[in-house]
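Novice: Sequence:
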Amino acid sequence: MENYKEMLRQYKDQALADKEAFERNKLQLSETYEQKLTELRSKLRNEKDSKSRLTMELREVRNEVDESVSTSKSLQESKLAMEKNTDEILKRLNKELEENNSLHSQNAQLEQQLESAQKALQDQQHEINRLERELNVAECGKNLAQSALATQQSTPYETAPGSLTELHVIEEQLRADLETAKENENVQKTRADKLQQIVEKLEEMLDKFNEQALSLSPRKGGVSSNESNEHPVAHHIPSSVGDMLEKQNEKLEDRLVAVREQMIVERQAARTANLSLWKVEKQLEEAIAEKKMTQRRMELTEDKIKKIQSEKDEAVRQCKTAQDEIKQREERIRELRDEISSLKRDVMKEHRMWEKAEQERMQCKSEIIEHISNAQKLEERLSDLNQKLQQIQQKNDALLLENKKLQRELNEERERSNLASDKSSHIEIELKNLKDNYERLKYACTITDNQLTEVESMLEAEQTRNKTHQEKLDNLNATLRKKEDLIAQLRKELTDEQVQKSASESRVQALKTEITECAENLAQTQKKLIAQQQQLTEQTNHLYQTQERVEVLTNETANLQTINGNHERELTLLKEENARILSELFHTKEHCERLQQELRDALVNSNELHAEIDELQEIMAEKESFYVQRDIKSEATLAQHKKLIDYLQLKVEDLSHKKKLTFTEKLFGSSAHSNASKKENISPAAVETSILYRTLKEELRREKQRSKTLQDQIDKLNGVSQNVVSSTGGMRSPLKSVIKNESNTQDNANKTVGTLPKSSRKQTQADANATTSNLQVTNEEAHHRFELALQETNNCDNTCIACKKPLIAGSPYWKCKECKIAAHRKCRSDVHTQCGNQIDQVALFSKTAETQSTEDQSDIDSISKYSYEGKLDDIGDATESASDVVQNEYAGNLIFCVDVQHNSENLEPLEINCAFEIEEQKILLLGCNTGLFALHIQQPQRLMHIAGIDSVSCIAVSLPLAKAVLVGARGESLFQCDFRQLLSRSQSSSLYVKNSLEASVLDLPFCNRSTNEKWQMVKISNEADNALDSVAIAATSTRIVIMKYDLKQQKFAPVRALDTATPVSSILFTRLTAIVSSDKFFEIDLETYAAEEFVDLSDHALSHIHNCQPVVAIRISQQEFLLCFMECGIFVDEYGCRSRPYDLNWEYTPTGFIYREPFLYIAHFQSIQILRIHRSYTKELASANNMKDMDADVDDSCSNSKRIYLRFYMPTLLTESGKLSVYMLAIQKETGLQQIYHLDSLQAFKQKLNESLETISSIATAITAESIPTSNPDSID
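According to full-length UniProt numbering, the sequence shown is numbered sequentially starting from 1.
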C-alpha cells in the first residue's frame, strides 16, 4: 500500500512537472511564432516597399527608354537629313568637278593655241631674218655698185679729210643704230621676262588646281588623266619660251655682228637696217597686242579659276563640317546606343531582381501558410493534451481520495495492532495452533508473490507497448518525446519500488510474528489487493482505449494533412489568379501611361498651335502696320499725283493756247479777255488723252486692286485665327490671360485706319487707343481686388453687395480697389459678381487725370485702414495694466535704428525695403530707397554704403553659383553681380566710403515690359542638384519671367515669359517645379515650363478656399506644404490634396509670413504672431493628444500652448536668421522711424509661457516617425 501511495505521489508530481513544462513549451512556441510572424510581416513590408520602389524605378527607366527611343528616332531622322545633305553636297561637288574639268580642258586648248601662236611667231621671225639677210646682201651689192659709180664719177680732187669726216659720220650713225638696237633688245628682254613670270604664275595656279582636284576626287581616273596630260604642257611652256628667247638673243647677236661689219663698209646699210628694224618693231607691236589679248584672256581664266577655287574651298569646308557633324552625331548615336544597352541591362537586372523578390515573396507566403497550419495543428494537439491532462488530474484526485481512505484504515489497523499486542500474551497459547495457519498463509503469500511477478511481467509488456506507441507519437510530435523520457524515469522508479519491495519482504520476515497475530487483517488486505488488481485491469483497459484513441487521432491527422494539401492547391490557384490580376493591372497601367503620353502629345500639339497662332497674330499685326503705312504712302502719292495732274493740266492749257502772234498782235498785244474765254472753254479731253495722265490712272487702278486682294487675305487670316483660337482655347495655360476683345478691337481699329482719309484717321486712332486701354482695364481686373477699410461715421450709405445689409460705422469691411464695392468680412466668399459690373464702372471711361490722382490718393489712404486697428488698440489699452505687472515681457533685440545714421537735413531719409543675412560674417545686407547698405551686426552703429545700384527693393542670392540678382533703379531693371565681390565690399573697414559694385543689367528682350510695369521681386532656386542648372524667376505686376543660368555668358538668360492675372506675392522652388502665388497657386514645371493649378480642384475639402486670396506657399516637410491665404492656412501634400483635417485660422489679417522650422512667424498690423506647427500629422499624434493640439489650432481658447503675440507697430518680416530666428522691421509709433529687431522664438516662448529652453527646444526638435527635417529658404514677407 505504501509503495502504491508513493507511486501515486510520484505520478502526481510528474503530472505537475509535465503540466509546467507543457505551459513553458507552449509560451516559448507562441513567442517564437509571434517573433517569426513579426519578422515575416516586416519582410513583407520591406518587400512591398522595395516592390513599389522597383515599380517607380521601372517607370522612370521606361520613361527614359521612351525618351531615348524618341531621341534615337530624331537622331536617325537628322542622320537621314544629313545623309541627304551630304548627297546633295557630293552632287554639287561632282558638278563643280565636272566644271573644273571642262575649265581644265579649255585651259589646255588655250595653251595649245598659245603654243601654236608662239610657233607661228617663231616661223615669222625666221622668215623676217631670212628676208633681212637677203635685203642686207642686196643692199650691200647696191651700195658697192653705188660706191663704185661714185668713185668713178667723183673728181679726183677729193681730199682725205673729207672722206674721214664722212667715215666719222657713218660711224656715229652706226653707233646710234647700235644703241637703239640695244634698247630694243632690253625692251624685248623685259617683255620676255614678264611673259615668263606670267607663265610661271599660270603653272603654279594649274599645279594648285590639280592638287585640289586630286584631293577632292582621288578615285576619278579621268581627272588624273587630264592632270597627267596637262603637266607636260605646263612644263613645256617655260622650256619653249627659254628656247625662243635664246634664239632671239642669238639672232640679235648675229645682227649686231653683221651691223658692226656693215658699219665699217657703208652708211646705207645702216639706213636699211633702221628701216628693217622699224618694220620689225611694228611686227613686235602687233605681237605685243596679241600678247595683251592673251593676257586678258588669261586674267579672265584666272578670275574664273579663283572663283572656282573659292567655291571649291567653301564646298570642302561644308564637307568637312558635315563630316564632323556626322561623326559627332554618330558618336552621339553610339553613346545613346551604349546607354540604351546599359539601360536594357539594368532593366533586365531589375526585372530579374523583381522576379527573385517575387519568388522569395511567394516562398515567404508559403512558409507563412505552413507556419500557420503548423500552429493550428499544435493548438489542436495542445487542446487534446489539455483534455488528457484533465482526465489524468481527475484520476489523480480519485487516487488521492483512495489514499486518504487507506491512511484512515492504516490508523485503525495500528490501533488494532496495539490492542493485539495487549492481547498477544493471551494469544501465545494459540501460537501453536496458528503455526499451521501460518504455513498456509506462507503458501498463500508465495502465491501472491507469483501473482505480483505476473503483474510485473504484464506491466513490462505494457511498457514495451507504450514504448512503441511513444515512438509513433514522437514521429508525429516532438513534445511526446519528452513524455517518453518521463516514462523511462517511471521505469527507474519502478525498479526502486522493487528494491523497496525486497526490503519490505525482509520486513515481512521480521514481522512474521506480527503477521501471525494479524492473519485476519491480512485476509482483509487480500480482499483489498483483489480490488486493486481489478483496478489495475481497469487501467490496462484504459490504456488500450488510449491506444485506440491515438490510432484514431493519427487517422484524423492524415485526413487533416489531405485537407491541408487541398488548401495548398487552392492557395496556389489563388496565387495564380493574383498573378493574373497583377499582370492585368500592369497592362492597364501601361495603357494608362500610353494614354497619358498621348495626352501630353496632344498638349504639346496644342501648345504648338498656340505658338503658331501667336506667330500668325504677330505677322497679322506687322502686316496691318505695313498696310497702314502703305495706305499712308499711297495717299501721299495720290495727293502728289493730283498736284502733278493739276500742274500738267495747267501746262497743257498753256501749251494749247500758245500760237504764233500776228503783226498786229505783236504791235498791240493780245486781249486778255479772249485768252480767258479760251481757257474757260477748254474741254477735258486734252488732259485725259495725255500719256502721263493715263499711266497715273493705270497705276492707281493697280494699287487699288492690290490693296483689295490684301484686305481679303487679312479677312481670311482673321477668320482662320479665330477658328483656331475657338477650337484650342480650352487647352491654354492658366497663367496666360489672352484678351480676345482687345485683339478684336485692335483689328477693327486697324481696318478702319486703312480706309479712312488722313485727317479722320488720327482721330479714329486716338479713339481706338482710348477704348482699348479701357477694355484692358476692365478685362485684366475682372476679379475684385479687396482691401480692408474702416467704415467712417460721416458716410453711412455703403451696403454689403452680398447680403444687401448696411455697414456699421467704425466696423471693418472689404472694399474693392477698382469698382469700390463693399462687403462684410464674413460675406467676402459669397461675392460672385465680377469686378466692373457696378454702375461705378461707367466712370472709368470718363475720368480725367485729376480724378485718377484723387483716386490713387484715396487708395493710398485706404491701405492704412485695417480691420483690426481698433481691435488692437483696445487690446493695447487693456494690456497696458498687465504689462506693468509683467516687466520681463519679451520684445525682441533692437539691432539698428534708422535715425542714428540719417538724422541730418542734407541726406535723404533712409527707408529699408528688404534684407539678406550673411550668417558667417554677421552682416545684414539692406536694400533701401537710396541704394544698397551693409549692416555689421556685431558693431551696431556701423552701416556701410555699397555704391553702384540705386533703390534696391529685392535681393536674391545663389551661394553655389556665387551670384546675386537685385531689383534696382526703382524697379526699372534687374542687376546681377558677383556675390564674392559684394561680400568683400560689405566687409570694407572704412565708414560710408562708396565702394562701387560692378553689376550688370540683365537683358530681357522678349518680356515686352511696358514703362509703368516695374519689377517687384526675384527668386533663385537652390534646389537643383547641379548649380549650373539653377533657375531664377522674376515677377512684375502682370507677368513672370523664367531665367536659366548661361555658362558661356555667366549670366541668367530669359527662357519663358508667362502672364499673370494679379501680381505675384511669393515664389517657392522645389527640385523640379516652382509654386507661384497669384490669383491662385500655380505649379510651374521647370523643364517644360507648363503651368497648372497646384490645389487639387477635385478635393471637396478645399472648396471653401476657391474665393480666398493667396499670399505665400511654405514647405513644412519634403512631402507637405502650407498654403497661406488672407483668410486661413491649409496643409496640402505634394499633389495639392489636403494632408491635415484642420485649417490654421488667423485672428488678424496677415501681412507677411516666414517659416523657421517648427515656428511660423506671422506679421500683422500691430503685432507679430509666432505659431508652433507640428512637422507631420499622424494617427499616433492624434490618438496620443486626443485631438487637443488640433483643437488648439482651431480654437483660440488655448492659444497660449501653441502661439504667442509680440506687440510692434506696422511690422515687416525682413529675412531669416540662423535656424529659428528672423529679422523684423518695425516703425516707432511716436516718431515714425524704422527699427530693425532680431526675434528669437525660443526666448519668446520661454518668457511668454514660462517654459524652460530645454523643453521648448525638445518640442522644437521633436520629430515623429514620418517627419523629415527641412528648411524653408524661400519664405516671403
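FYI, nobody ran anything at the bench for these hints, they're computed from the structure.
Take these hints with a grain of salt, some might be off.
Stated by the list, open to error - Below are the DSSO-like pairs computed for lysine-lysine, each with C-alpha atoms no more than 30 Å apart in a straight line:
#1 194 <-> 307
#2 201 <-> 84
#3 51 <-> 589
#4 405 <-> 467
#5 349 <-> 589
#6 43 <-> 589
#7 320 <-> 84
#8 483 <-> 467
#9 528 <-> 395
This structure is a prediction, so every number in the text was calculated from the model and none was measured.
Novice: Hint by hint, note whether the structure agrees.
Specialist: So, going through the hints one by one against the coordinates:
In summary, the hint linking residue 194 to residue 307 is supported, as the alpha carbons are separated by about 24 Å, within the 30 Å threshold. For the hint linking residue 201 to residue 84, the alpha-carbon distance of about 39 Å lies beyond 30 Å, and the restraint is violated. Taken as a hint, the residue 51 and residue 589 pair is honoured in the structure, with Cα atoms around 15 Å apart against an allowance of 30 Å. Taking the CA atoms of residue 405 and residue 467, the gap is near 34 Å; set against the 30 Å cutoff, the hint is violated.
For the hint pairing residue 349 with residue 589, the CA-to-CA distance comes to about 21 Å; that is within 30 Å, so the pair holds. For the given pair, residue 43 sits about 26 Å from residue 589 by alpha-carbon distance, which is consistent with the 30 Å threshold. In summary, the hint linking residue 320 to residue 84 is supported, as the alpha carbons are separated by about 15 Å, within the 30 Å threshold. Taking the CA atoms of residue 483 and residue 467, the gap is near 10 Å; set against the 30 Å cutoff, the hint holds.
About 19 Å separates the Cα atoms of residue 528 and residue 395, which keeps this hinted pair within 30 Å; it holds.
When the structure is compared with the earlier hints, violations turn up for hints 2 and 4 and for no others.
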